[in-house]
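Based on the hints, put chain X in the right spot on chain P.
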Amino acid sequence: MMRYYQNLLVALMVVLFSSLMPASMSAQAQTLRLDITSGQVAPIPIAIADFTGPDGLPTNIGRQIAQIISDDLESSGQFKTVDGAAFIAPPDSPDIRPDFNDWIPLGVQGLLIGSAYIDDGGALQIEFVLWDVVAQRDITSGEGSTDQNGMRRLSHQIADFVYEEFTGDSAYFDTQIVYVSESGPADRRIKRLAIMDQDGHNHRFLTSGYDLVLTPRFSPKAHEIAYVNYFNDEPNVYLLDVATGRTERVGSFPGMTFSPRFSPDGDALIMSLAEDGTTDIYELDLKTQDLSQLTRSPSIDTSPSYSPDGTQLVFNSDRGGAQQLYVMNRNGKGVKRISYGEGRYATPVWSPRGDIIAFTKIVRGEFFIGVMNVDGSGERLLARGYLVEGPTWAPNGRVLMYFKQEPREADGSGGEVAMYRVDITGFNESRIITPADASDPAWSPLLR
Amino acid sequence: MFKPLLTLFAATFFLAACETASTITEEAAGSSAGTTAETSSTASSSASSTTSSSSTASAASNADNSALEAARAEMMSIGDTVLFGYDSSQLSADAMATLDAQAALLNAKPSFRVKIEGHADERGTREYNLALGERRASATRDYLVAKGVDGSRIRIVSYGKERPAVVGSNEDAWAKNRRSVTVLN
Chain P
1 MMRYYQNLLV ALMVVLFSSL MPASMSAQAQ TLRLDITSGQ VAPIPIAIAD
51 FTGPDGLPTN IGRQIAQIIS DDLESSGQFK TVDGAAFIAP PDSPDIRPDF
101 NDWIPLGVQG LLIGSAYIDD GGALQIEFVL WDVVAQRDIT SGEGSTDQNG
151 MRRLSHQIAD FVYEEFTGDS AYFDTQIVYV SESGPADRRI KRLAIMDQDG
201 HNHRFLTSGY DLVLTPRFSP KAHEIAYVNY FNDEPNVYLL DVATGRTERV
251 GSFPGMTFSP RFSPDGDALI MSLAEDGTTD IYELDLKTQD LSQLTRSPSI
301 DTSPSYSPDG TQLVFNSDRG GAQQLYVMNR NGKGVKRISY GEGRYATPVW
351 SPRGDIIAFT KIVRGEFFIG VMNVDGSGER LLARGYLVEG PTWAPNGRVL
401 MYFKQEPREA DGSGGEVAMY RVDITGFNES RIITPADASD PAWSPLLR
Chain X
1 MFKPLLTLFA ATFFLAACET ASTITEEAAG SSAGTTAETS STASSSASST
51 TSSSSTASAA SNADNSALEA ARAEMMSIGD TVLFGYDSSQ LSADAMATLD
101 AQAALLNAKP SFRVKIEGHA DERGTREYNL ALGERRASAT RDYLVAKGVD
151 GSRIRIVSYG KERPAVVGSN EDAWAKNRRS VTVLN
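Here the protein sequences come in this chain order: P and X. Start counting the first sequence at 1; every next residue gets the next number (our numbering). Start counting the second sequence at 1; every next residue gets the next number (our numbering).
Mixed in with the good hints there might be a few duds.
[Unchecked claim] Keeping only pairs whose Cα atoms sit at most 20 Å apart, straight-line, the calculated DMTMM-like set for lysine to aspartate or glutamate is:
(1) Lys176/X to Asp276/P
(2) Lys147/X to Asp100/X
(3) Lys115/X to Asp142/X
(4) Lys147/X to Glu234/P
(5) Lys115/X to Asp276/P
(6) Lys115/X to Asp355/P
(7) Lys115/X to Asp233/P
(8) Lys176/X to Glu409/P
(9) Lys115/X to Asp411/P
(10) Lys115/X to Asp100/X
(11) Lys115/X to Glu234/P
(12) Lys115/X to Asp172/X
(13) Lys336/P to Asp355/P
(14) Lys109/X to Asp172/X
(15) Lys176/X to Asp411/P
Honestly, the hints are just simulated from the structure, not real lab data.
Bound conformation, chain X alone:
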């Protein structure tokens, strides 16, 4: 009366599948420094790139690094960030003024490469916000290029809603997270 209905399967699949949660937590904590350095904007990534390149240091690269540090400091005093309205990539008058000053700095220091990050607030879906961040970064790049910055120096990266500048689920935080950030490297 028995019908052989069950599907048999390879047990090896399960052998590979065992890993404990506690091990994982430690790994995650250990890798946080790397992730931070890789993906956050100005301050922390500048620190890590200084460290890594000075370990293979020549006098020349130290000079380059201090020039980069100086340019980054200048970028910070101008303002590396411009803000956008909800679901918008329109540049405001304030944003254009900031980008005018950024363009002047970039044109005065043509040897540095530029990364423009596009970000969104958390009030949208993940994939749409990736596209929105790309749109904001592109709008920022297009403006800088129109102001004479060589487009081949510029790389854009969208982080969508993955890397907020300000933590919090409120209007003020959302407004500050709808942004593009110009990073020198």
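Chain P on its own, in the form it takes in the complex:
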């Protein structure tokens, strides 16, 4: 049933995209379908038992932990959690070998068993073992203790272990999202920076909403956020310390600075500086405050993003007439256009894996989120809408998040803005639940 539904979805997407594209691109739409079919249509079945206490019975906190892990794994689209524990008694303790004959008939490949209880000192004690039901051996195990406030994060870390063991990909559940929370009418929108866990929990605001703020981006250690702030009605790049909430303006330059991103080592910031109708790309050394100009053209050069090895940059420029994507060396030399499809291309973001670039594409009045190879070949479109914009990568390069704005009526109705995520195969698009409208997401690196 599940498989049937997913194949139907894939077929629909191919029809939608291929009707838009010139004949030469339909082969790529075909590739999209093949990729999804061969890749992730069949999620890995796995059982997550409620974590037990010293008496061998499930604890309240143990149920919560199992739920968080299940939700993480299900949200990836790559796992299907089977509620076997409802009718099979899991072992009382993670150090007891399960009776695999109970679990094999369920078709599960993995079984996660754990204990979780609050000790006399008030600390949360956790142990877990992940079993390979097919090979009938333990794959990985771990233990930890934490203040009870750390329960969710510890659960995400266990989900990360499960994810890594079964997919072979690096994980992304122990991460955060920083984004712009929006409220108020469209012409007087209030925008605040907000941060939350990737599953939407532990939500908090980072700015008051008094000043307009845009485009937050994490530093590689997730301790700092670079963003655009209209303090004193002057848009400029600021840095915000996540722990203390302290903000500081980045340098003082003529004109407006915007479009910031950290270098992979966190020692530099790439950004745009606009002055006298020209927008160029500059790199600021955060230690020395030295500013280097990397592009010099009368065009708009903006939205720069580093390659993960820090040697190259991708950006969008209208130097050829309309917005297209260009790659250059970090010193500004060797500029090469990479996007040649129909329409305009914007907001390129290099994958953490280094092999592909995500972008926003505007064609015939519609917006798309897509990915292409670093040389511009192999374009695939993953999402569409009246306005979709601003992809950001999960740290494993497997999942993209972006925002979508619905059309707005003249009376002000409509216009909802929400964040979505999608697997890079175009599969499993899902909305991120936030307290208010949400845009400009940025995914943190792994926190551990």
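Chain X in isolation, oriented as in the chain P frame:
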């Protein structure tokens, strides 16, 4: 058989992280007046600056304020806004005519400072539109300077697609939002 694999971390991080959504909504509503006054163009910001400066009022500043109000009214009758084509910062003949009249007003009232806002419609990406708004504001400033307005009086601010004049996802709204606005202060 257990390997200590889990990374432990500081719980203080989470202690700072609790704030309820309902509190937030109230704060946001409360701050909307400030945001409006700060960032919207002519009408509302003129009202708020009148209020704030008259509270510390001297006779002289009241006179200045009424002169500013009069100049702003004149700017509104000329037209504080010029429109641009899609993805363009080219000034049309209409736009130049409006800016000629704006320049005459600004040259006749050299004591007032000038802010030029650049805006874009919503059919572009946020960062590109910030650059496009800057380009439009610069084109407007350059024209006014060519008509004799002292460039040191002028400050430009791009709002990209953040502050539309007209709400709506249609051609008419987009056309009216591709604009620069000249504000006296």
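- Does the alpha-carbon distance linking Lys115/X and Asp142/X stay inside the 20 Å limit? OK: Lys115/X and Asp142/X at ~13 Å, within 20 Å.
- Query: Has the given pair, Lys336/P with Asp355/P, been kept, meaning a C-alpha gap of at most 20 Å?
  - Reply: holds (17 Å)
- Keeping to a limit of 20 Å between CA atoms, is the pair of Lys115/X and Asp411/P held or broken? violated (29 Å)
- Lys147/X paired with Glu234/P [C-alpha distance capped at 20 Å]: Violated, at roughly 26 Å.
- Taking 20 Å as the top limit, are the C-alpha atoms of Lys115/X and Asp276/P close enough? Since the Cα atoms of Lys115/X and Asp276/P sit roughly 15 Å apart, the hinted pair holds (cutoff 20 Å).
- Message: Check whether the Cα positions of Lys176/X and Glu409/P lie no farther apart than 20 Å.
- Response: holds (15 Å)
- Query: Would the pair Lys176/X and Asp276/P pass a check requiring their Cα atoms to be no farther apart than 20 Å?
  - Reply: Roughly 23 Å separates the two Cα atoms, so the pair is violated.
- Message: Checking one constraint from the list: CA of Lys115/X to CA of Asp355/P, max 20 Å. Satisfied?
- Response: Between Lys115/X and Asp355/P the Cα gap is close to 45 Å, so the pair fails against 20 Å, i.e. violated.
- 20 Å Cα cutoff - pair Lys109/X, Asp172/X: violated (34 Å)
- Message: Check the hint pairing Lys115/X with Glu234/P against an upper bound of 20 Å on the C-alpha distance.
- Response: holds (11 Å)
- Message: For a C-alpha distance cap of 20 Å, please report whether Lys115/X and Asp233/P respect it.
- Response: holds (11 Å)
- Message: Tell me if the straight-line CA distance from Lys115/X to Asp172/X falls inside 20 Å.
- Response: Violated, at about 26 Å.
Of the numbered hints given earlier, the model fails hints 1, 4, 6, 9, 12, 14; all others are met.
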